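K.L.:
Sequence:
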Amino acid sequence: MNFDLTKEHEMLRRTFREFAETEIKPLAAEIDKSGDIPRDLFRKMGEVGLMGMTASKEYGGSGCDKISYMIGLEEVGRVCGSTGLAMEAHNSLGLGHIFEKGSDEQRGKYVPALARGEKLCAWALTEPGSGSDSSGMRTTAVLEGNEWVLNGSKVFITTGSDADVLTIMAVTDAAKRAHGISAFIVEKGTPGFSTGINEDKLGVRGTHTSELVFENCRIPKENIIGEPGTGFTGAMNILDRGRTAVGALAVGIAQGALDESVRYAKEREQFGRPIAKFQAIQWMLAEMATQIEASRFLVYKAAWKEDRGEKFTKEASIAKLYASTMATQNCLKAIQIHGGYGYTKDYPVERMLRDAKLCEIGEGTSEVQRLVIARQLQG
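So the sequence shown is numbered by the numbering used here: it starts at 1 and just counts up by one.
Bear in mind the hints are in silico, worked out from the structure with no lab data behind them.
As a list, the in silico DSSO-like pairs of lysine-lysine whose alpha-carbon atoms are at most 30 Å apart:
1. 44 <-> 201
2. 25 <-> 57
3. 357 <-> 314
4. 57 <-> 305
5. 221 <-> 57
6. 357 <-> 33
7. 314 <-> 176
8. 7 <-> 314
Computed from a prediction, not measured in an experiment: that's the story for all the values here.
Using the sequences and the hints given, assemble the complete structure.
P.N.:
Structure representation (structure tokens):
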């Protein structure tokens, strides 16, 4: 077994870290305060390959492996959880679904602009009455002539009100339950499609989490992704990657909290010496570093299996479960190390804690991950 990253991976990490430090980190506090990520930032991210990491070069994407994608998410999440989440939802879910399951025509039409960061893509599965039980959704799509007519609503959709292109799951045959769900592409501005409220959230506040409403929304017949009834299976496959990616985002947030804690502990003096010299602080830093490394390898293993074309459902859920729990706990340690200052908005660890908690909920709660892991163990 070889645990070393390739020279290409190390080069990408340096490139992404330099970009994140210079272009994203200076904006992170304002993004959290204002509740908005500047659209120009996504275009800049597209220029360095961060917005097309799940698409091939043929369609303007990065054409990279999944380990590279995890590294990109880590480095962005390390400085700004909001931007990291938007990047993850765009790559793993919205763009990823179109690229993986869409036709050549759909890829050619939508992927290049999305990969360049000129347009943003969202993915809509969750509904008011179907969260963990996503097969119980009620949004419908009925074929009328050469158009699909969508009716229903979605909630908690990441970048839903900002997205230019959306991948929507809807029921096309209610009698077949999960096997009667299909995926569709809906463009912003389509008559009958509107966005409702943006949630006022605890963390990742710069990424809008929105309600979507469909009222006799008519889209072209060719906007269905794949065959009717394959949407749910496709969504579950896409979610496996998304769960690994949320694990990477959690690792990034936790790494950022550790970096800030080491810096603060070396600078902050009490009783005549830096607090980094006290064993209580050293032990917290050591525990944080150990748990981050363990989480990182779980994430990389799941990504490695996907790159090899192997089933990685269990590994994805393990990575997300462990890394997301770790991130919240490590951010709590970071605040403890910072003391009273850590509880204020003057230091980024307060924001990091609020951002980290989302990783335990989004793309399947920790409880759902335990169910998935247990079912995979039982075959």
